[in-house]
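Chain A is fixed; fit chain B onto it per the hints.
Protein sequences, first through last, are from chains A and B.
For reference, each letter of the first sequence is one residue, going 1 to 176 in my numbering.
For reference, each letter of the second sequence is one residue, going 1 to 176 in my numbering.
Simulated from the structure, these hints should not be mistaken for lab results.
Worth double-checking, as some hints may not be accurate.
No distinction is drawn between identical chains; accordingly, a pair holds when it is met within one copy or between any pair of copies.
[To be verified] Below, in silico cross-link-like pairs of lysine to any residue (SDA-like), each with a Cα-Cα straight-line distance of 20 Å or less:
id, residue 1, residue 2
1, Lys142, Glu92
2, Lys142, Met1
3, Lys100, Arg88
4, Lys30, Glu137
5, Lys30, Phe138
6, Lys100, Gln52
7, Lys30, Ile4
2 protein chains.
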Amino acid sequence: MREIVIHREEIYSGRIVHLSAVDVRLPNGKEAHRELIQHPGAVAIVALDEEQNVVLVSQYRLAADRIMWEIPAGTLNPGEAPLVCAERELQEEAGLFPGKLDALGGLYVAPGYTTEFIHLFIATELSESRLEMDEDEFIESKRVPFAEALDMIERGDIIDGKSIAGLFKTARRLGL
Amino acid sequence: MREIVIHREEIYSGRIVHLSAVDVRLPNGKEAHRELIQHPGAVAIVALDEEQNVVLVSQYRLAADRIMWEIPAGTLNPGEAPLVCAERELQEEAGLFPGKLDALGGLYVAPGYTTEFIHLFIATELSESRLEMDEDEFIESKRVPFAEALDMIERGDIIDGKSIAGLFKTARRLGL
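Next comes chain A alone, as it looks inside the complex (with noise of 0.2 Å):
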């Protein structure tokens, strides 16, 4: 089932972005066409305090065109560990250093045409961060009730992949 690349030419090299266009044998000996964005990976992060809410941040994504409600997340910087970045992210991201993060797994956002990975994690003994926040990013963090942002995912407040996957993954772990 595997397909074995024949050529490949870099389009363009972004900040975040790289996209190539690759050419594959399939396995019945065709050739297909295939675009590929390479990306660093990311993190995201389920932050729970003790009384069980968990930590939602909103910014504005321009690539929906509105504000969206999303569990805290960033791209990995180059050579940086996941569990470093998801640390650091929710210090920028929700004012909160998380005493404890445990492994989740993790997710290919679109298989199709993007190598980026999301490492999942759960945060918790959250204290008040000693890093400043971004000041180039507009976020707004608040903290619901852990059933609450279950339900604002059957509403559809919560549209964001990672978000729904990472918020029923904990529910699916932790028995919530």
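Structure of chain B alone, referenced to chain A:
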């Protein structure tokens, strides 16, 4: 919190992926650079038979360099309604015709850089397809008990974002 587009440059127009480089004005007056993939959107289908087995498909994904288990899915053709696309894709990928399709909301796969929105559906009243399967798609399908699909997520055997979100949303909707 909104960003205003002040310049947009089209970088590449491919078969599925259209890449633009966009300069925006942030709420604080500063400028920022965004890379944006325009994508036509897609559908994904949680198909359930009368014994509450769910249909999974496996295929090689170049972006992940591995064979992955996913729910059936596919990209919208120009002007195609999501419901029509779901009916077509379930036939092409799994050889099954859905007698009934119920909307299950949807999700943005990666709102930081792609416009792709996936419309989710629950398909029931399955019968054998009248469409031929695509000979250049190398896809295997199987049916597993719904609870086993949730276990596959837990074990990391399903690591595709839309599949994780679609299966959990279905579990909650139907009380499975």
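A quick look at each hint next to the structure:
Taking the shortest Cα distances, lysine 142 and glutamate 92 sit within 20 Å of each other inside one copy (14 Å), while across copies they are farther apart (43 Å). Taking the shortest alpha-carbon separations for lysine 142 and methionine 1, only the inter-copy value of 16 Å comes in at or below 20 Å, while the best intra-copy value is 45 Å. Taking identical chains as interchangeable, the C-alpha atoms of lysine 100 and arginine 88 lie at most 20 Å apart only when both belong to the same chain, with a minimum of 13 Å there against 46 Å between chains. For the identical chains of this complex, lysine 30 and glutamate 137 are inter-copy neighbours only, at 11 Å across copies versus 46 Å inside a copy, given an alpha-carbon limit of 20 Å.
Taking the shortest alpha-carbon separations for lysine 30 and phenylalanine 138, only the inter-copy value of 12 Å comes in at or below 20 Å, while the best intra-copy value is 48 Å. For the homomeric pair lysine 100 and glutamine 52, the shortest alpha-carbon distance inside one copy (15 Å) is at most 20 Å, but the shortest distance between copies (38 Å) is not. Taking identical chains as interchangeable, the C-alpha atoms of lysine 30 and isoleucine 4 lie at most 20 Å apart only when both belong to the same chain, with a minimum of 11 Å there against 45 Å between chains.
Going down the numbered hints, you'll see the structure goes against none, and every one checks out.
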